[in-house]
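Model the placement of chain P on the given structure of chain S, informed by the hints.
Number of protein chains: 2
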Amino acid sequence: MLDAEKSRERLRKSTTVSRRPTARKAAPPVQDRALQTRQDLLDAARRVFARDGFELARLEDIARVAGKTRGALYTHFANKEDLFFALIEEDIARDTEIYVKQLTPESTFEDRVKVISGHLEELLRDRKRMLLYVEFKMYVLRHPTNQKRLAELHAKICREGAARKLDLIPEFSCQTDAERRRTGGNFGATLDGLALNMYFDPEGLTAEDVRRRIQQLVHEQLLRQSIEEEAEALVSK
Amino acid sequence: MLDAEKSRERLRKSTTVSRRPTARKAAPPVQDRALQTRQDLLDAARRVFARDGFELARLEDIARVAGKTRGALYTHFANKEDLFFALIEEDIARDTEIYVKQLTPESTFEDRVKVISGHLEELLRDRKRMLLYVEFKMYVLRHPTNQKRLAELHAKICREGAARKLDLIPEFSCQTDAERRRTGGNFGATLDGLALNMYFDPEGLTAEDVRRRIQQLVHEQLLRQSIEEEAEALVSK
Numbered sequence: 001m002l003d004a005e006k007s008r009e010r011l012r013k014s015t016t017v018s019r020r021p022t023a024r025k026a027a028p029p030v031q032d033r034a035l036q037t038r039q040d041l042l043d044a045a046r047r048v049f050a051r052d053g054f055e056l057a058r059l060e061d062i063a064r065v066a067g068k069t070r071g072a073l074y075t076h077f078a079n080k081e082d083l084f085f086a087l088i089e090e091d092i093a094r095d096t097e098i099y100v101k102q103l104t105p106e107s108t109f110e111d112r113v114k115v116i117s118g119h120l121e122e123l124l125r126d127r128k129r130m131l132l133y134v135e136f137k138m139y140v141l142r143h144p145t146n147q148k149r150l151a152e153l154h155a156k157i158c159r160e161g162a163a164r165k166l167d168l169i170p171e172f173s174c175q176t177d178a179e180r181r182r183t184g185g186n187f188g189a190t191l192d193g194l195a196l197n198m199y200f201d202p203e204g205l206t207a208e209d210v211r212r213r214i215q216q217l218v219h220e221q222l223l224r225q226s227i228e229e230e231a232e233a234l235v236s237k
Numbered sequence: 001m002l003d004a005e006k007s008r009e010r011l012r013k014s015t016t017v018s019r020r021p022t023a024r025k026a027a028p029p030v031q032d033r034a035l036q037t038r039q040d041l042l043d044a045a046r047r048v049f050a051r052d053g054f055e056l057a058r059l060e061d062i063a064r065v066a067g068k069t070r071g072a073l074y075t076h077f078a079n080k081e082d083l084f085f086a087l088i089e090e091d092i093a094r095d096t097e098i099y100v101k102q103l104t105p106e107s108t109f110e111d112r113v114k115v116i117s118g119h120l121e122e123l124l125r126d127r128k129r130m131l132l133y134v135e136f137k138m139y140v141l142r143h144p145t146n147q148k149r150l151a152e153l154h155a156k157i158c159r160e161g162a163a164r165k166l167d168l169i170p171e172f173s174c175q176t177d178a179e180r181r182r183t184g185g186n187f188g189a190t191l192d193g194l195a196l197n198m199y200f201d202p203e204g205l206t207a208e209d210v211r212r213r214i215q216q217l218v219h220e221q222l223l224r225q226s227i228e229e230e231a232e233a234l235v236s237k
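Chain order of the listed sequences is S and P. Mapped onto full-length UniProt numbering, the consecutive letters of the first sequence carry residue numbers 1 to 237. Mapped onto full-length UniProt numbering, the consecutive letters of the second sequence carry residue numbers 1 to 237.
Excised from the complex, chain S in its bound form (with noise of 0.2 Å):
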């Protein structure tokens, strides 16, 4: 079970638990409250794994920030991956919004080409998602113990997060599970790469060398599978 699932699994829990005779009729359904208090950690979470950085952050500290107890925070999340894999699932599922608003089924190649990019460019805008992205992989590859599980899983959560964008750009829709991974793996080091570099020295990086490197990614993953059959083609001749 994934561990965003486990903590639904408590949350679904500690609801049934709490769900006393004495409440009052006033207060908002207790699913509700505990949906809010989620939220609440979620963007205390946001706000301490920026000031702090992902390492360093404290589960006391995000506590603290959204005004609950340490105890509140361990009914939703079992620890600080946990808290990070709902942030990502959080992210992909406002991307979707904004996607499927600009696509139809009618798009062309190249709409979706400057729908992803302009999204990406978009992206590469939200210093603090990018950095609390780069700083999460850094902190598995220092840790290595879970590496494996916490890629698999990464990997895992982006994949069925962009699933539900797939009917709208059929190149994705097109491959196998193995291919999206790949796909994730090129978007990452490209995204990943442009932030750290742009952010750390803006004169190295220009406004159109990023915009040229984000257009070559999108055309070269949307084209992936075509070349590849391409070359298979060839082989095979």
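One or more hints might be untrue.
Identical chains blur together in the list; that is why a pair holds if it fits in one copy or across any two.
Stated by the list, open to error - Restricting the straight-line Cα-Cα distance to at most 27 Å, the calculated cross-link-like pairs of lysine-lysine (DSS-like) are:
id : residue 1 : residue 2
1  : K68       : K80
2  : K148      : K101
3  : K68       : K101
4  : K68       : K148
5  : K101      : K114
Keep in mind that the hints were calculated from the coordinates and are not lab data.
Coordinates of chain P only, in the frame set by chain S:
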């Protein structure tokens, strides 16, 4: 004056001061001993940075691992950033030797692409080095007070280090300082992003993906000048 120059300046001063008439004849020259101490401290810094990460690494621990005092460390390096820049200089000097052996004035464009690409693939296998670069940039982004100064110093050290091999790569030797900084930014963006993601999830980036991205980068950066000249020629028609 560069931090690295400052530390060499301090080194010269310190060796002058400690050259006392009571020194035993059998001991190595003071200058050599000072250089050996500096090298021991650099080697210890690499180990401690790899173990604790750049941010958490403590100068006390580096001195202890090198078997030196904190005072000895401060004779050679002003701070942790100064130590990092000394490590980059050492890395670039080693890289230059590798290039010099593989390129001649008769090398063709294809030879240069091959040698540079091969070297960058090799560099990506040096996990400690790549992660130290990523971490240093993350550290600077989280402590932005000196960001501009450090980014400029970083660009200067990379540019001057690279300048030693420019004779053998005419495409780079034609670049202005600003263009070289952009070349550095593009190299950094590609390498940092590939390193982080291939270490984090080896299944997400295949060896072919890595090779293809690096060759694309090298081609593009060597050809930049001609691409931009063509673009300019088109505009001025």
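Okay, the hints, checked on the actual structure:
{"no.": "1", "hint": "K68 / K80", "verdict": "within (16 Å within a copy, 38 Å between copies)"}
{"no.": "2", "hint": "K148 / K101", "verdict": "neither (35 Å within a copy, 39 Å between copies)"}
{"no.": "3", "hint": "K68 / K101", "verdict": "neither (36 Å within a copy, 62 Å between copies)"}
{"no.": "4", "hint": "K68 / K148", "verdict": "neither (32 Å within a copy, 38 Å between copies)"}
{"no.": "5", "hint": "K101 / K114", "verdict": "within (14 Å within a copy, 44 Å between copies)"}
This entry does not satisfy hints 2, 3 and 4, going by the numbered hints stated previously.
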